[in-house]
Every structure is written in structure tokens, then in C-alpha cells.
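For reference, the chains in residue letters:
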Amino acid sequence: MAGLSWEPVIGLEIHVQLKTRTKMFCACEVAYFDTPNSHTCPVCLAHPGALPVANAKAIEYTVKLGLALGCEIAPRALFHRKNYFYPDLPKGYQISQYDVPLCGKGAFTVPEPEGDRVVGITRAHLEEDAAKNVHVGGTGGRIGGAAHTNVDFNRGGTPLVEIVTEPDLRSSDEAKRFLQLLRRTIVELGISDAEMEKGTLRVDANVSVRERGETGYRTRAELKNMNSFNFIARGIDAEIERQIGVWEGGGEVVQQTFDFDAATGKLTPRRAKEEADDYRYFPEPDLVPVEPSAELVERARAELPELPGTRVRRLEPELGFDLAEGLVASGRDRLFARTPGDRRAVANVLMNELAGAGVDPDAVDGDELGKLIEARNRVPRPVFADAIARSGDEGFSADPFLAEEATSDVAELGPLIDEILAANAGQVAAYRSGKEGLLGFFVGQVMKRTDGKADPRVVNELLRAKLSA
Amino acid sequence: MIDTLRLTAEEALGLLERREVSARELWDAYRAAIDERDGELHCFLSLVDEPAGEGVPIALKDVIGTKGIETTAGSKILKGYVPLYDSTVARRCKEAGLVTLGKTNTDEFAMGSSTENSAFGPSRNPWDPTRVPGGSGGGSAAAVAGGLAPWALGSDTGGSIKQPAALCGIVGLRPTYGTVSRYGIVAFASSLDQVGPTTKTVRDCALLYRTIAGRDPSDSTTADVPEVELPEREDLRGVRIGVPKQMVEAEGIESGVKDAFERTIQLARELGAEVGECELPLSVEYGLPCYYLVAPAEASSNLARYDGVRYGLRAPEDAYHAMVMRTRDEGFGDEPKRRIMLGTYALSAGYFEAYYGQAQKVRTVIRREHAEAFERFDVLASPTSPTVAFELGAKTQDPLAMYANDLLTIPSCMAGLPGLNVPCGLSEGLPVGLQLIGPQFAENALFAAGHALERALGFDRVPERLR
Amino acid sequence: MAITREHVLHVAKLAHLDLTEEEVERFREQLSAILEAVSKVSELDLADVPPTSHPLDLVNVWREDEPRPSLSADEVFANAPDREDEFFKVPPTSEVREP
Ligand SMILES: [Mg+2]
Ligand SMILES: [Zn+2]
Numbered sequence: 034m035a036g037l038s039w040e041p042v043i044g045l046e047i048h049v050q051l052k053t054r055t056k057m058f059c060a061c062e063v064a065y066f067d068t069p070n071s072h073t074c075p076v077c078l079a080h081p082g083a084l085p086v087a088n089a090k091a092i093e094y095t096v097k098l099g100l101a102l103g104c105e106i107a108p109r110a111l112f113h114r115k116n117y118f119y120p121d122l123p124k125g126y127q128i129s130q131y132d133v134p135l136c137g138k139g140a141f142t143v144p145e146p147e148g149d150r151v152v153g154i155t156r157a158h159l160e161e162d163a164a165k166n167v168h169v170g171g172t173g174g175r176i177g178g179a180a181h182t183n184v185d186f187n188r189g190g191t192p193l194v195e196i197v198t199e200p201d202l203r204s205s206d207e208a209k210r211f212l213q214l215l216r217r218t219i220v221e222l223g224i225s226d227a228e229m230e231k232g233t234l235r236v237d238a239n240v241s242v243r244e245r246g247e248t249g250y251r252t253r254a255e256l257k258n259m260n261s262f263n264f265i266a267r268g269i270d271a272e273i274e275r276q277i278g279v280w281e282g283g284g285e286v287v288q289q290t291f292d293f294d295a296a297t298g299k300l301t302p303r304r305a306k307e308e309a310d311d312y313r314y315f316p317e318p319d320l321v322p323v324e325p326s327a328e329l330v331e332r333a334r335a336e337l338p339e340l341p342g343t344r345v346r347r348l349e350p351e352l353g354f355d356l357a358e359g360l361v362a363s364g365r366d367r368l369f370a371r372t373p374g375d376r377r378a379v380a381n382v383l384m385n386e387l388a389g390a391g392v393d394p395d396a397v398d399g400d401e402l403g404k405l406i407e408a409r410n411r412v413p414r415p416v417f418a419d420a421i422a423r424s425g426d427e428g429f430s431a432d433p434f435l436a437e438e439a440t441s442d443v444a445e446l447g448p449l450i451d452e453i454l455a456a457n458a459g460q461v462a463a464y465r466s467g468k469e470g471l472l473g474f475f476v477g478q479v480m481k482r483t484d485g486k487a488d489p490r491v492v493n494e495l496l497r498a499k500l501s502a
Numbered sequence: 012m013i014d015t016l017r018l019t020a021e022e023a024l025g026l027l028e029r030r031e032v033s034a035r036e037l038w039d040a041y042r043a044a045i046d047e048r049d050g051e052l053h054c055f056l057s058l059v060d061e062p063a064g065e066g067v068p069i070a071l072k073d074v075i076g077t078k079g080i081e082t083t084a085g086s087k088i089l090k091g092y093v094p095l096y097d098s099t100v101a102r103r104c105k106e107a108g109l110v111t112l113g114k115t116n117t118d119e120f121a122m123g124s125s126t127e128n129s130a131f132g133p134s135r136n137p138w139d140p141t142r143v144p145g146g147s148g149g150g151s152a153a154a155v156a157g158g159l160a161p162w163a164l165g166s167d168t169g170g171s172i173k174q175p176a177a178l179c180g181i182v183g184l185r186p187t188y189g190t191v192s193r194y195g196i197v198a199f200a201s202s203l204d205q206v207g208p209t210t211k212t213v214r215d216c217a218l219l220y221r222t223i224a225g226r227d228p229s230d231s232t233t234a235d236v237p238e239v240e241l242p243e244r245e246d247l248r249g250v251r252i253g254v255p256k257q258m259v260e261a262e263g264i265e266s267g268v269k270d271a272f273e274r275t276i277q278l279a280r281e282l283g284a285e286v287g288e289c290e291l292p293l294s295v296e297y298g299l300p301c302y303y304l305v306a307p308a309e310a311s312s313n314l315a316r317y318d319g320v321r322y323g324l325r326a327p328e329d330a331y332h333a334m335v336m337r338t339r340d341e342g343f344g345d346e347p348k349r350r351i352m353l354g355t356y357a358l359s360a361g362y363f364e365a366y367y368g369q370a371q372k373v374r375t376v377i378r379r380e381h382a383e384a385f386e387r388f389d390v391l392a393s394p395t396s397p398t399v400a401f402e403l404g405a406k407t408q409d410p411l412a413m414y415a416n417d418l419l420t421i422p423s424c425m426a427g428l429p430g431l432n433v434p435c436g437l438s439e440g441l442p443v444g445l446q447l448i449g450p451q452f453a454e455n456a457l458f459a460a461g462h463a464l465e466r467a468l469g470f471d472r473v474p475e476r477l478r
Numbered sequence: 715m716a717i718t719r720e721h722v723l724h725v726a727k728l729a730h731l732d733l734t735e736e737e738v739e740r741f742r743e744q745l746s747a748i749l750e751a752v753s754k755v756s757e758l759d760l761a762d763v764p765p766t767s768h769p770l771d772l773v774n775v776w777r778e779d780e781p782r783p784s785l786s787a788d789e790v791f792a793n794a795p796d797r798e799d800e801f802f803k804v805p806p807t808s809e810v811r812e813p
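Protein chains in written order, with this note's numbering: chain A, 34 to 502; chain B, 12 to 478; chain C, 715 to 813.
No wet-lab data here; the hints were simulated from the structure. One or more of the hints may lead you astray.
[Claimed, not checked] Here are the in silico distance ranges between beta carbons for each label pair:
no.: 1; chain 1: C; residue 1: Ala792; chain 2: A; residue 2: Asn385; range: 53 to 61 Å
no.: 2; chain 1: C; residue 1: Val773; chain 2: A; residue 2: Arg203; range: 39 to 47 Å
no.: 3; chain 1: C; residue 1: Ala792; chain 2: B; residue 2: Ala467; range: 49 to 57 Å
no.: 4; chain 1: C; residue 1: Glu778; chain 2: A; residue 2: Val167; range: 27 to 35 Å
no.: 5; chain 1: B; residue 1: Gly225; chain 2: C; residue 2: Val773; range: 18 to 26 Å
no.: 6; chain 1: A; residue 1: Gln288; chain 2: C; residue 2: Arg719; range: 25 to 33 Å
no.: 7; chain 1: C; residue 1: Val773; chain 2: B; residue 2: Leu58; range: 42 to 50 Å
no.: 8; chain 1: A; residue 1: Asp375; chain 2: B; residue 2: Pro228; range: 52 to 60 Å
no.: 9; chain 1: C; residue 1: Val773; chain 2: A; residue 2: Gln288; range: 32 to 40 Å
no.: 10; chain 1: B; residue 1: Pro228; chain 2: A; residue 2: Val279; range: 53 to 61 Å
no.: 11; chain 1: A; residue 1: Val167; chain 2: C; residue 2: Leu758; range: 45 to 53 Å
[What the hints assert, rightly or not] Derived EDC-like pairs: lysine to aspartate or glutamate, alpha-carbon spacing no greater than 20 Å straight-line:
no.: 12; chain 1: A; residue 1: Lys52; chain 2: A; residue 2: Asp226
no.: 13; chain 1: C; residue 1: Lys727; chain 2: B; residue 2: Asp340
no.: 14; chain 1: B; residue 1: Lys105; chain 2: B; residue 2: Asp46
no.: 15; chain 1: A; residue 1: Lys165; chain 2: C; residue 2: Glu800
no.: 16; chain 1: C; residue 1: Lys803; chain 2: A; residue 2: Asp226
no.: 17; chain 1: C; residue 1: Lys754; chain 2: B; residue 2: Glu61
no.: 18; chain 1: A; residue 1: Lys486; chain 2: A; residue 2: Glu452
no.: 19; chain 1: A; residue 1: Lys52; chain 2: C; residue 2: Glu780
no.: 20; chain 1: C; residue 1: Lys727; chain 2: A; residue 2: Asp311
no.: 21; chain 1: C; residue 1: Lys754; chain 2: B; residue 2: Glu262
no.: 22; chain 1: A; residue 1: Lys231; chain 2: A; residue 2: Glu244
no.: 23; chain 1: A; residue 1: Lys52; chain 2: C; residue 2: Glu737
no.: 24; chain 1: C; residue 1: Lys803; chain 2: C; residue 2: Glu789
no.: 25; chain 1: B; residue 1: Lys78; chain 2: B; residue 2: Glu61
no.: 26; chain 1: A; residue 1: Lys138; chain 2: A; residue 2: Glu331
no.: 27; chain 1: B; residue 1: Lys90; chain 2: C; residue 2: Glu789
no.: 28; chain 1: B; residue 1: Lys90; chain 2: C; residue 2: Asp796
no.: 29; chain 1: B; residue 1: Lys87; chain 2: C; residue 2: Glu737
no.: 30; chain 1: B; residue 1: Lys87; chain 2: C; residue 2: Asp796
no.: 31; chain 1: A; residue 1: Lys165; chain 2: C; residue 2: Glu798
no.: 32; chain 1: C; residue 1: Lys727; chain 2: B; residue 2: Glu296
no.: 33; chain 1: B; residue 1: Lys78; chain 2: C; residue 2: Glu789
no.: 34; chain 1: C; residue 1: Lys754; chain 2: B; residue 2: Glu296
Think of the CB as a built atom: it goes at the ideal place given N, C-alpha and C, for glycine as much as any other residue.
Given only the sequences and the hints, what does the whole structure look like? Please build it.
Structure follows, in C-alpha cells:
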């Protein structure tokens, strides 16, 4: 891994597909998992004479996102054309934004254990997504060897926000943390599903390294095609390591684009583009400028939820950083807030049992869950687990589960424990010679014999007393 | 017997209303004229066999998308292309009861000033078939002048309605940018393209403009349009006409054109107009170069969609980029290629600021100069074309000479202003056009001035050889 | 403004025009002459002049986020040079591009 003297420099480019009903510049429905090309029209197929008309909702969503990222909202933004040829780009240009994006400079605060990391936002702009190319036949379906390409224009024209950060991140962990909180923010704004697996959130990372103390930036490489936060972190680490190797080996890092292969953990350099990169941007003459009114901006600002970063800091004093961040990043902190009971206990159940059961936190009745958590030591474990799994069901009530009390009767548990200790003399001796971790083993034995119905607090007390006797 | 050479659209409407002729008789009369003269004039690229309606016929320039009717923009790359939807103007014409006769010839993608750049052969001028009808809307202009259609729609980017109207001796309006929808019009240069009428009289022009103008939710660059008034007045009392000095003194204006123009200005004075001189020095000097940067730049992007993927020509190649490159090389003629190259160059890295960026600033200067002139005048007047119709082939080898045809029509196009051509006399037996320019949305003022002059001029718009 | 052969080839590549040798030379000459003429715009000192990208001063033209029917499959492919099932079929591409 990174030697002490090297400092990674990471910037991200994030594409977010907006959750509008229709495409950015035409009234076709956004539904690209449907029959190919079934959601297309003269505009998104770029027939002669077809003209774009901007989707008001997409503009509103972008303004909202910009505000959440602390961006300045441009008083007057323009759409530009970005010109290049590719089968998934029917007009021969992408309508995007260039020198005057809707959202200008901003800053997004990511709480970290040692203090805040403020990540500069360079810009966030609105554009249209490309269509989908399906490469068919050829050698193993590899793009290079495809026999032909099939194009589905259903996705073409979906509103897309591109967020560009400053190179302010210093490790793969920071990048991952930033992305988790950003994703959470986007989801809570209700403007996108932001799911990497579905491609509604796509991340490219620009990575370089420099010696600590250096102020300039060295040549960076671009990583693409990483479809989970973990892969992004692994890809970044692999690239950092590669670049350090190159520099330390006396070589020089060259600007390059890599695909990260999650299966092998390897970076594959992308085939160089045949065409020169000269996009010939110019203002889109088929559209007029966007001047977000003060009213629109203020309305969007008023609708902003409390930002995740703020919520982490708010929860941190009572829960500690890790639990606070975990709750917020996983979207469980709102359930946490409405679930009564011991704060740490509630947080732990939310992050462990509830997460493990895959329950949608937004579907859970906090009061019922609170009752359950409060009784978690009295209720037999299998019953508790069952109750948690169902806590998101409509009309869930904790009461039927609470009726099943755990066995705390000492008269019943005492002899059973004696029996178990007698049968495991070796472990008893080991415990007494200092291996106190074996306590769990004995608890497990008791639970097994009682079908999990023993009250763990009573079992623990009895075991400790008898073992230290 | 319907005399299609003389009958105006307004008269045709009257005949139908009073049931003096049937829609079928009207249609057949124009079809007969087409059968008789289109072999020579080649105004039409495609004809509709059966009338789809009971109204007055109309011809549409082939850049105007028509659902179910082949629309090629005069290009091989769109040969056989049949639109899936009507352009807004075609729809409005249909809704007003107009019946499409066919699609008229045009320079390929409306790029040209003579209709010789059509991939399907040139159109010819009804006044003299050895001469061009002007362009790019030469097909529409020749059709109306030659009695093959009562009226027609054209499109104008830098003079493609006004200049052919001038060369064919008819009326043509390039409307204020943003008054007529571009939705469904094969794009050449988006910030300049406007659809407009090509007609026999100014009143016909106002009628057709009224039919097609208005804000369109499908075209973000359209605005609300003031109510269109049919011109009635026959005098010009109280009208202030400015004559831009640099436009009448411009190099290359034929003396016969100048004479006809001056006679017309004198007539305007007699009709009660106050005529004065005004200045458009930068507009005239820099308009043409500005246009030949802005229009090709936009065109280079607008024509990128012709890639052989979803419609149109596709050349057989076994890799995508090679296929696109060969399709475009085979599908586009010289002029689109030249302008795509020029525009690509003007937008490319390192040249953008000096060319496209600077041209956009010149555009601001041109707007300002015009705005200043309109502080003192209601309309500006100049010749429309520096020359009368020229011989076929005379300028095809020299792009710059061809571009110079638009010297006088371009400046107001760059400023988004409306311009009306009214035939104002003959020179060497060929029509001369008067150009009237108004402020934004001042079409009514142009119609009023144009109508009064038209009445007083008494120009016989039927080509001498066809009388 | 003299345009070199390399300029012409570069621009032709950007514009995706597969020019013949004869065209390259002819366009080189013609573009040189045209560029010379249009370069006139650079004579003006317009440092303080804002650009006009549009002759109309409209802003904020947009539509509500309401779906309208898309085309039928017959319409979608009515003009298509080639298709495979419900896809537009094109010769293979050799590189990756993303927005
Ligand atoms: Mg992008
Ligand atoms: Zn669509």
C-alpha cells in the first residue's frame, strides 16, 4: 500500500439519472428496461426537423441537488452542444452544459472521525443520457471484436446530472464515504434512485499521487466502469499502488483511462479513441437560456431535508461516530429518531438485526419496534429475530411476540447450567485459567438446551457466579 | 377557365367560397400547369397524386417535413425518407384547409442562392429558363411565378425566400425570427432559419403568414405574435422609410437594379412616405463574413444526424465510423460538405474565439446598428438582390461569388428581423426586387408599405414569355 | 488564411467526411479563400461586446413533465437502413464513449 511519503489525490465525476417521468427534451416516458426502442419519438431518434423542449422538472431537480451540494445556482445558464459521432448519440451531439452550468461552485461536507472533510464541488450540470449500445457476436462479446452493434434509444435522452468534484479526496475511504453520503442525499431529495447496479448512479474517479508536501498535481488516470462503492474503493487503491510503483520505479505516469475488473481486481487500460477529442461546444441554438427565478430557488431550498452530514454530527455525541455515520449513510437514522428506547441499543439493533433482516426502515413503526427492542432480553431469541423480520409488515404489532417471555426462572435454569458445566469440564478449567471469552460458549449451550428461550441476562449472571465459584 | 398565372390565392379562396369553382377544378388547373411547365422549370421534387382536402392548393419547399410525403431537403442522403410527423407549419396549413400539391426543389439543405445545389437537378426561372430562379427556395418561387402553385412556403436562413422571390418577380416574406415554428423543418442553421410565404401579392403573403405564425410549444424559440392585419391602405402617409446608404452604394449592384430601386423610392415619396438616409456600415461590411461563420458552424452540427443509422442513406462498410464517413461523403453534395468543413473548422479547438466567438459578437453589433436605425425609421428599404437572375452555371465554380448574392439580405437575418420582397420593376427584362426590413414583429408595417407600393407600381408579375 | 492539407484532413475526420483526394485539394483551396474572406470579422475590436447566440431574448421555455405516446415499432423502423429484432443494427464500434 501507499508508502508514507505518498499522498493520493482523488476527484470524482458522478452521473446521476434523474427520476423524471419523461425524457429531458421530449415527452417519451423514461422506461428503458422495456422493449428496445419502444419509448422513442422523432426528437429522441433525431429525425430531421425535430426540436428539443426542456423538461421543467429536471431543471427543478438539478437546482435542488445544486443547493444540497452548496452550489451557487447560476442566474443565467445555457445549454451547449457537445459534438461527436457515436451510434448511441442520434443527433451527432449531446445537449449538455459547458461554461455556464446550472450549478456552479459548491462544497459538500463529509464528516470524518477526525473532523470534517469539505469536498469542493466544481460544478453540477444537466445533460441528456446516451442511448444503449449492445455489442453482439464477435469474440466473447468484447467490444473490440463485436460482429455488430445494436442500438436501443429508450435510454437516450434521459435527464442526467453530472457532478464534478475538486481533487479534494485523499484516500479511497474518503471517496467511498463521500459517495455514500452523496448518494443518501440524492435519494432523500427524491430526484433519483441513484443505484449503481442499475446505472442510475455512475462514478468515474480521477486518481493521481504526489509526495507529501507537494502542492501541484501530477498526471492523473481515469477509472471507469466501477459499479459499486466497494469496487470504486478497490479500484482507487489498485491505481494508487500502481502509480506509486511507476514513480518509485523511476517511470512517469501517463494520462490514461482504465476499466476496473471487479472479478480480478485488475485495471485494464481502455483502448485509445480513434477520434480526436474536440467536441466543438457551442450554445444550443434550439433552446433558450435558463434563468432560475428567486422563487424557484427559494422553494427548492425550503424543501431541502436536513443534510446527512449534519445529521451524522448531530447523532455523534450520543452514539459515537461509527454508529452515527452508519445510521445516516444507510438511511436508518429517521427510523432511529422515531424509535423510543435506549439510544445505543436502538442504534445497534437498527444496524445489525434490522439491517441483517433486510427490512425497509421507512416501513417500520418506531413505537412497535421500540417495544420490541426494550424487551429484547426477555424474549426468546428466535422470537425476537422473527419479530424483527416482520417489523416492516403492514400493521405490525410487537405485542404477540412480547407475550412469549424468556425463561428467567433460576430454579429451572440453575440445575441445567450445573449439568452443562459438569459435561464440559475442560472448558470450565480453561475459563477459570483466564479464557473468559468462553462465556459465550456456555451461553450458547444453555440456549441450545432451552430452544433459545432462556433470558440471556439471567443466564449470564448465573454462569458468571457458578464459574467463579 | 382558371388562369393560374394570374389568379391570386386570395382570389382562389373567393372562388371556392362563392362556389364558382370546386376545389377539384382548382387542383386540376394547377396540376395541368405543372404538367405543362414543370418539365422545363423543375420546380417540384415530388407531387401528391390526390388532394387531401377541399381548400386552396399550396406547394411546400422540400425542407418542410410532411407526414407520409417524401422529404429530402434536396439531398441524396435523404432520398426516400418519409417523415413520421408533420412539421408545425404543414399541420397549420392542413388545419386551415390548404391542400399540398407537392414538395418544391431547393438547394441541398437550403444551402445556396440558385437552387443549382439540389441533388436532383436545378430549377429554372420562369422569366428565362436559361437563368436561375435564385435560391435556396428557387422551386417555390418559380412555382408561384410560373403559375404552378397559387402560393408556397419557403425557408430563409440568409435570403432563401427573399432572393428567389426577387429573381422570380413575386412577393416573399422572411418573418421575424421566432414567429414561425421550425418544428419539423430540416434544419440548416437553427438561430437563423425561418419559414415564410412565397406569394403573388402582399395580401396573399399576409394571409399565409397569418396561417403559419404563432408560438409553438414544440419549438422553444418561438414567441407570441401580434395579430396579423391584412393591408388595405394605398398610400404611405406618415411612414418613415430609411435607405441604408451602404446598401445602395454596395459594390456589385447592377445599374438596372439601382435604377428600378430609385424609381420605387421616388414613388414612395409620391405616396406620402418620408424618406431619409440611414447608416448600416458594419452590418453591410461584416454581415456576410459573420453569416458564413455562424450558419456553417450551426449547420456542421445540425447535419451530424445524417449518419446512416436510423434513416436515410447508408453506405456499406464493416465498421461504424467508416460507415458514417462514407455515407456522408456519398450522401452530401459539395456545398453541404464545404459548409460542414467550414463550420467544423470555425468551432474547433483553437479557432473558436477568433471565428465563431467573434462572429457572435459581430451579430450583436449588427443588431445594435439596426435598432439604432429603427429609432428614426419605420421600415428600411434596399434592393433585395444586387443582380437580376443570372445564367445557370455562372457562379457554380466560385463559392464566394455565389455567397455575394446574399450581401443585402443577410444583415437583417443576422439581427432576426423580418424582410419582405416586393417586385419593383424590370432590368434587362428580368424582375428586380425591393427589400423592406422592419423591426422585430413589425410584419404588419411591412405588409402595409409593401401593399401600397405594389398597388402603385402595378408590376405585371406574369413572366413576359408566358403572357 | 492558408489551410493546409492536414487541416482539411483533421476537419474532415471531426466532421466524419471520407473525402477523396480530389476533394481534399479542392476544399483546401476553397476553404482557404472563404476563410480569408470571413476572417474579416477579426478586424473589429469587440472585447466589450457581448455575444448574440440568439436573436430573440426569450428565457425559461420548458414543458411540464407529462408523458405523451411514443412511436409504434412500425414507425420507429419505417426508415431504418437496417435492424435486428427491435434494435437499430449498425456495423461494430471499436471504442467506448459515455456522456
Ligand atoms: Mg457528461
Ligand atoms: Zn422521445
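Status of each hint after checking the structure:
{"no.": "1", "hint": "Ala792(C) to Asn385(A): 53 to 61 Å", "result": "holds, 58 Å"}
{"no.": "2", "hint": "Val773(C) to Arg203(A): 39 to 47 Å", "result": "holds, 41 Å"}
{"no.": "3", "hint": "Ala792(C) to Ala467(B): 49 to 57 Å", "result": "holds, 52 Å"}
{"no.": "4", "hint": "Glu778(C) to Val167(A): 27 to 35 Å", "result": "holds, 33 Å"}
{"no.": "5", "hint": "Gly225(B) to Val773(C): 18 to 26 Å", "result": "holds, 20 Å"}
{"no.": "6", "hint": "Gln288(A) to Arg719(C): 25 to 33 Å", "result": "holds, 29 Å"}
{"no.": "7", "hint": "Val773(C) to Leu58(B): 42 to 50 Å", "result": "holds, 43 Å"}
{"no.": "8", "hint": "Asp375(A) to Pro228(B): 52 to 60 Å", "result": "holds, 59 Å"}
{"no.": "9", "hint": "Val773(C) to Gln288(A): 32 to 40 Å", "result": "holds, 39 Å"}
{"no.": "10", "hint": "Pro228(B) to Val279(A): 53 to 61 Å", "result": "holds, 56 Å"}
{"no.": "11", "hint": "Val167(A) to Leu758(C): 45 to 53 Å", "result": "holds, 51 Å"}
{"no.": "12", "hint": "Lys52(A) to Asp226(A)", "result": "holds, 7 Å"}
{"no.": "13", "hint": "Lys727(C) to Asp340(B)", "result": "holds, 11 Å"}
{"no.": "14", "hint": "Lys105(B) to Asp46(B)", "result": "violated, 24 Å"}
{"no.": "15", "hint": "Lys165(A) to Glu800(C)", "result": "holds, 13 Å"}
{"no.": "16", "hint": "Lys803(C) to Asp226(A)", "result": "violated, 31 Å"}
{"no.": "17", "hint": "Lys754(C) to Glu61(B)", "result": "violated, 52 Å"}
{"no.": "18", "hint": "Lys486(A) to Glu452(A)", "result": "holds, 17 Å"}
{"no.": "19", "hint": "Lys52(A) to Glu780(C)", "result": "holds, 13 Å"}
{"no.": "20", "hint": "Lys727(C) to Asp311(A)", "result": "holds, 11 Å"}
{"no.": "21", "hint": "Lys754(C) to Glu262(B)", "result": "holds, 17 Å"}
{"no.": "22", "hint": "Lys231(A) to Glu244(A)", "result": "violated, 38 Å"}
{"no.": "23", "hint": "Lys52(A) to Glu737(C)", "result": "violated, 48 Å"}
{"no.": "24", "hint": "Lys803(C) to Glu789(C)", "result": "holds, 16 Å"}
{"no.": "25", "hint": "Lys78(B) to Glu61(B)", "result": "holds, 15 Å"}
{"no.": "26", "hint": "Lys138(A) to Glu331(A)", "result": "holds, 18 Å"}
{"no.": "27", "hint": "Lys90(B) to Glu789(C)", "result": "holds, 17 Å"}
{"no.": "28", "hint": "Lys90(B) to Asp796(C)", "result": "holds, 16 Å"}
{"no.": "29", "hint": "Lys87(B) to Glu737(C)", "result": "holds, 18 Å"}
{"no.": "30", "hint": "Lys87(B) to Asp796(C)", "result": "holds, 18 Å"}
{"no.": "31", "hint": "Lys165(A) to Glu798(C)", "result": "holds, 14 Å"}
{"no.": "32", "hint": "Lys727(C) to Glu296(B)", "result": "violated, 33 Å"}
{"no.": "33", "hint": "Lys78(B) to Glu789(C)", "result": "holds, 11 Å"}
{"no.": "34", "hint": "Lys754(C) to Glu296(B)", "result": "holds, 9 Å"}
Against the hints set out earlier in the document, violations occur for numbers 14, 16, 17, 22, 23 and 32.
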